[in-house]
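Participant: Chain residues, written in single-letter form:
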Amino acid sequence: MRPELIHDVRIIDTTLRDGSHAMAHQFTETQVRDTVRALDQAGVEVIEVTHGDGLGGSSFNYGFSHTDEMVLIAAAREEARNAKIAVLLVPGIGTVEDLKRARDAGADMVRVATHCTEADVSPQHFAAARELGMETAGFLMMAHKTSPENLAKQARIMVDAGCQAPYVTDSAGALLMDDGRARFEALVAEVGDEAWVGYHGHQNMSFGVANSVIGYEVGVRYIDGSLCALGAGSGNSPTEVLAAVFDRLGIETGVDVSGLLDAAEEVVRPYLPRWPKMDRNAIVQGWAGVYSSFLLHAERAGERYKVPAHEILRRCGELGYVGGQEDMIIDVAIQLAAEREKGHG
Amino acid sequence: MSGTFGFRPTARATMLVDMSAQVTAAIVGPGNIGTDLLAKLQRSKVIDVRHMVGVVESDGLARAREAGVEASAGGVDWLLRQDPLPQLVFEATSAKAHQANAPRYAEAGIQAVDLTPAHLGPMVCPPVNLRDHLAAPNVSMITCGGQATIPMVHAVSRVTPVPYAEIIASIASRSAGPGTRANIDEFTHITGRAVAEVGGAAKGKAIIVLNPVEPPMIMRDTVFCMIGPDADHGGIVRSVHEMVAQVQEYVPGYTLRADPQFDEPRQDWGGNARVALFLEIKGNGDYLPEYAGNLDIMTAAAAQVGELMARAKLEARA
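Heads up: the sequence lines are chains A and B, in that order.
Its first residue numbered 1, the first sequence is counted upward by one per residue in this note's numbering.
Its first residue numbered 346, the second sequence is counted upward by one per residue in this note's numbering.
Note that these hints are calculated values from the structure, not bench results.
Stretch by stretch, here's where chain B covers chain A in the computed footprint (C-beta under 8 Å, at least three residues): (1) 57-65; (2) 88-102; (3) 113-123; (4) 317-324; (5) 327-339.
Everything numeric in this text was worked out from a predicted model, so none of it was measured.
Beta carbons: idealized from backbone N, C-alpha and C, even for Gly.
Just need the whole structure built from these sequences, with the hints factored in.
Facilitator: This is the structure:
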């Protein structure tokens, strides 16, 4: 059963989860408290707080967390007076055990994320979430990688397993407007009034906000954003822009635009290591359809093995690597370095 | 290369064994895994697979009959009525089925090699710890990711202390069956535990990723081991190459994509350094497709366990 909507659209802010990628997972408890307080005061309904790769993501492969995510979740729960706290769980990385600990730390909602064709790894996690009394959503990641029809079938698997809101998750920021629309329509038609449909955008080709508006027009009701776009690749649809745009369109989000602008400018901007931007590497990600979280890893591997990061990213796209395969970035860098050596030798 | 690092399970001591003698075996579970395992066991000089057992008539049973093995849909009840009973049984059914069957094998004195996720007996990886469990009534083959990566963790941990090891297994979507998909947490738990307990790391973590790319990707595994800032790099490299050669004895398509990669100590690693190993596991293509290295390494490791158990039985008899 999908929950009642309080406003026309439910804005879900993921500064403290997708933004974790851009922060190389170095969020401090103070940053989390300050950000949650500001988002909560501005009226954001749901705030996601987790390692960028979801529960249990702290690792060699994705980067170790500066502060244990359970500490951050508990701190967020303490600060939020009205907002719900969500966590991300990627089956294969995080487990039901991690979810129980997050629940104990105060998480109200879980978003279970799978590659867009692999939804059948998620039912055990949805079942556990429902048993724990948590709200649920489901991420079908790299949604550009499969057809709208097939994406709808995968959404059905999630909904049947207890997912209240399957998402068109544009992990690579690769969906052009028609690609987005076709997928939104397919999911809305498939789930009917059993669940809401969500959209999670990345700005690699600058379509995050535009696709959010198109999504709303065809029935998408959960929309993700991050303050200052803080997120993987060139970041997410900026929450403050979403709020301003929906306000102009007369679509009720319950969010105070000025409050969010202040939050972005005064709380998040001071701790940004760099403002996510559409540079060569990030555009290549959208263009070649590469998982946005690969960005910093490719830059690091590029430096270590003396090969351009955008070449690494393009090769990752050609080889069809999916979210979670960050280890392959090093492998690709080694292979590219070997090819260069050969070419020059 | 000789066994600088000790035990070599396919010990040349087998020269002493009467090669005309064979140990009898049965496979329970005539699916893809059971069929592939049969192909491998039929190449063994010391194992004679007499029975293939299912619970319903199936293509798998028909394939076994074509291969000259007596096959029945009569389940374990039928198997336990055979005279003589097999000495070894390979279980390729489900965790639930093996939980039910295991006590019956034990009672009948049949040694069981368990390829299911039941994990009742000690977890074994042939070149790492099988010698400790050759006579165990029941052994667990852990998981595909475990069989692929534990030899590497061990290769590092026998040279230098490993406070933490992490493995990432990437497999082709087509090679992940419904059982794996419905219980993916089981993979991460069991493999992470085995990386520590069997591989010799103080702490272990496992990650699995399914990739649907077409044509299907060959199984890939990455092993990250935390090591001290002064660890013996040369020793690690030698140990790793030696272990790769040992695994290749039963999985010919087990290769390192690159030399071990050493990363400098970092503050966020607690001042530790890291070695990264990148593996590709191409299956033998016996019955399963080559890309399904994850399934192949399970059947190949199980066949290797059977081989060594059988030799131990024959040596005991000699």
